[in-house]
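*Asks:* The listed protein sequences derive, respectively, from chains A and B. Per our numbering, residue 7 is the first one in the first sequence, and the count goes up by one each step. Per our numbering, residue 50 is the first one in the second sequence, and the count goes up by one each step.
To be clear, the hints were calculated from the coordinates, so they are not data collected in a lab. There are no misleading hints in this set.
DMTMM-like cross-link-like pairs, simulated, lysine to aspartate or glutamate; straight-line CA separation at most 20 Å:
no.: 1; chain 1: B; residue 1: 466; chain 2: B; residue 2: 486
no.: 2; chain 1: B; residue 1: 577; chain 2: B; residue 2: 600
no.: 3; chain 1: B; residue 1: 400; chain 2: A; residue 2: 161
no.: 4; chain 1: A; residue 1: 175; chain 2: A; residue 2: 82
no.: 5; chain 1: A; residue 1: 175; chain 2: B; residue 2: 148
no.: 6; chain 1: B; residue 1: 400; chain 2: B; residue 2: 353
no.: 7; chain 1: B; residue 1: 400; chain 2: A; residue 2: 67
no.: 8; chain 1: B; residue 1: 400; chain 2: A; residue 2: 136
no.: 9; chain 1: B; residue 1: 400; chain 2: B; residue 2: 324
no.: 10; chain 1: B; residue 1: 577; chain 2: B; residue 2: 598
no.: 11; chain 1: B; residue 1: 400; chain 2: B; residue 2: 316
Coverage of chain B stretches by chain A, computed from C-beta distances (three or more under 8 Å per stretch; other residues unrestricted):
no.: 12; stretch: 145-155
no.: 13; stretch: 182-191
no.: 14; stretch: 281-288
no.: 15; stretch: 301-307
A few chain A residues facing chain B, derived, Cβ under 8 Å:
no.: 16; residue: 67
no.: 17; residue: 113
no.: 18; residue: 148
no.: 19; residue: 152
no.: 20; residue: 155
Every residue, glycine too, gets a C-beta built ideally from N, C-alpha and C.
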Amino acid sequence: MSNNYYENIPEPQPVRPLQTPNATEAQPVTPQQAPDEPTPQAPQSPDTSTGQMVVSVFTADQLYPVVGATVTVTQDNGSGEVLATSNTDRSGRTTVFTLPAPSSSVSQEPTVAIPFSEYRVTIDHPDFLEAVIENVQVFGGVLTQLPVNLVPTPEIPNGNPVRIVIIPKQNL
Amino acid sequence: MPDTTPVIPEFITVHLGAPNSSAPNVRVPFIDYIKNVASSEIYPTWPESALRANIYAQISFALNKIYTEFYRSRGYDFDITNTTQFDQAYVQGRNIFGDISDIVDDIFDSYLRRNGAIEPLAAQFCNGTTVTCNGLSQWGTVSLANQGYLPFQIIRYYYGDDVNIINNVPVESVGESYPGTPIRLGDVGPDVQQVQILLNAISTNYPAIPKVPTGAVFGESTENAVRTFQRIFNLTPDGIVGRATWYKLINLFTGINRLNELNARGDVIFGLSLEYPDALREGDTGQGVYTLQLMLNVLAEYYDTVPSVVEDGVYGPGTTRAVSAFQRTYGLPVDGVVGPLTWESMYNAIKGIYIATGRSSEFTTAPAMAPFPGMPLTMGTRGNAVMTLQNHINDVVPVFANVPTVNPTGNYGPNTKAAVTELQNRLNLPQNGTVDENTWNGIERVRTQVIRGSEAQFGQYPGFDLREGMQDEIRGIAITTEELTGRPVYSIQYMLRIINADRDLPGIPDGIFGPQTTERVRVFQTEKNLEPTGIVDVVTFDAIKIAYDEDFFTDN
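With the hints as constraints, model all of the structure from the sequences given.
*Replies:* What follows is the structure, encoded as structure tokens:
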């Protein structure tokens with residue numbers, strides 16, 4: 007930017023708690039969409055569909071949002087393919103991700119097939135311990151909400167608690 | 050078993066393992082617990098009647114364990130386990146589902162009860178395929194729902210015709226109870242004002258929530274702020290303050306107040322020194338134990354596996370439990386004794402918290418609390434300190450329902466005593482009607498929160514439209530955007546200046562909304578296809594903020 011007219015005025019510097027320098031409102035990478043406007047569902051074949059996921063990142067049991075955390079969604083099948091990523095906005099929320107998921111008809115009766123998709127979600131922020139949630143479930147046509155409470159990184163890390171959650175399947 | 054009427058607890062303590070295992074306990078808001086259980090037990094794609102029937106059973110099952118003190122009466126320090134062999138599934142940190150969340154928000158204050166019984170039904174359930182039981186079949190609820198059964202019909206099908214759904218059960222909460230009916234657009238009165246003050250205080254931590262005028266009328270701006278609040282916390286964004294929204298508001302307000310209070314005391318103690326005081330263990334007393342307990346309570350706010358403790362300077366079993374929980378969390382030898390390694394880990398954890406939450410910068414923006422006058426104020430006391438107290442009581446009473454205002458006379462009479470006693474009740478202080486240092490500071494902290502809450506931060510709609518003729522009360526050049534708290538006109542001028550940085554436009558931000566600012570706003574509105582009124586309403590404000598963020602973060 008050019009500051010032609012106000013050279014003599016000190017430049018206000020953004021200082022906001024819990025915010026990294028490049029944080030702003032949630033920046034979608036994929037897909038392009040605002041947090042509060044779910045994308046219309048893709049046309050559904052009988053067994054495949056899409057579901058949605060939104061991640062909310064907090065600390066101190068939701069008393070503070072964590073702004074500018076990087077949230078990454080990958081395939082849980084070991085390929086590590088990144089499906090979506092987003093920086094949290096000033097309320098700690100990501101954009102709404104649209105992800106492949108089995109159609110909701112698959113989960114209407116007992117079946118050997120797993121009636122949901124599973125994703126790995128990682129949350130990174132320089133001031134907090136990384137959090138990893140494995141087997142996050144997404145059902146066709148359903149919004150998955152993932153609230154995450156981050157723990158501040160100790161000044162001198164020492165026997166850091168591992169912040170990994172592995173979600174088991176329902177006993178159905 | 051108690052013979053009082055069951056209530057919905059604010060929190061439930063869950064043991065993350067079999068009863069006798071050394072697994073950690075977590076204390077979870079009851080609503081969040083039920084959302085987690087339902088998401089762990091069943092599929093969100095099921096018909097709504099099936100979901101509701103299952104959730105009623107899950108709520109009743111949990112309430113029964115709490116009400117009958119099933120585990121507590123056996124000497125355990127938790128209400129329920131997360132092991133399906135004994136209780137229902139709960140997975141700390143898992144995802145939940147929107148449809149389930151909405152239903153739980155609707156029915157979390159309901160439970161099942163058999164005719165003639167007081168306690169919530171010990172509602173057994175199982176999946177109905179690989180496991181069957183004398184209770185509800187989870188898969189069976191799907192078939193029944195598909196046959197058109199309503200939730201209460203499904204419940205009676207499994208539990209019998211003498212089981213009823215009890216609704217609108219009181220929710221236990223810190224000194225505050227729900228007004229009884231939803232608060233919504235067009236409502237007027239003290240409940241509305243209370244909601245507005247809570248929203249403003251919470252928006253200090255969540256600046257996406259626009260400030261609202263606290264004029265006791267529920268207008269569109271309040272509705273808009275409620276919707277934003279609801280979206281942030283995954284509540285149904287209907288703009289109406291029903292029970293679930295109400296309790297989230299109270300829960301956050303008291304939590305932020307508690308954290309501010311911890312921080313204030315922490316700044317005093319941690320500012321001096323956290324030098325290792327020599328080993329501390331059960332039976333010890335004194336300043337070292339006080340400091341340890343304060344450290345544990347700060348840690349408890351951030352680590353879900355560390356319980357809070359009573360700060361009494363006595364190292365009793367509760368302190369031992371909390372120290373052990375911290376050691377377990379950190380993978381240290383679990384002996385409940387604070388040796389050098391445990392102390393150092395706690396110290397580093399707290400330093401990390403201070404760095405991550407930007408404590409130093411946050412503290413500078415807090416308005417000063419009036420200092421305790423030195424002598425307790427009580428019936429018959431007169432003077433300026435009493436006048437200050439009375440004025441400050443009047444600043445905080447809107448936060449609490451049914452606390453009377455007082456006349457600022459400078460005389461401590463029966464009315465002041467009554468108000469003080471009620472405030473002590475709400476603040477969990479001994480109710481003696483005398484303002485000692487704890488009571489004084491308790492009132493001051495709430496007042497600080499209210500006053501901070503009334504001031505918009507940079508980039509936050511101030512709760513009223515900005516228009517020509519207005520000016521900020523605080524003037525002068527701001528060095529950081531933090532200094533723009535409470536200076537909405539300067540903030541708008543500054544943002545417009547950044548947006549127009551590539552244009553040849555005169556004028557500098559001065560906090561006075563004059564004709565040039567009006568013109569700038571009109572031009573901006575025209576370019577954004579907004580009505581060119583020259584007035585910064587909430588829509589224009591947000592559009593300016595978005596354009597500013599785009600420019601600012603692109604250029605950097």
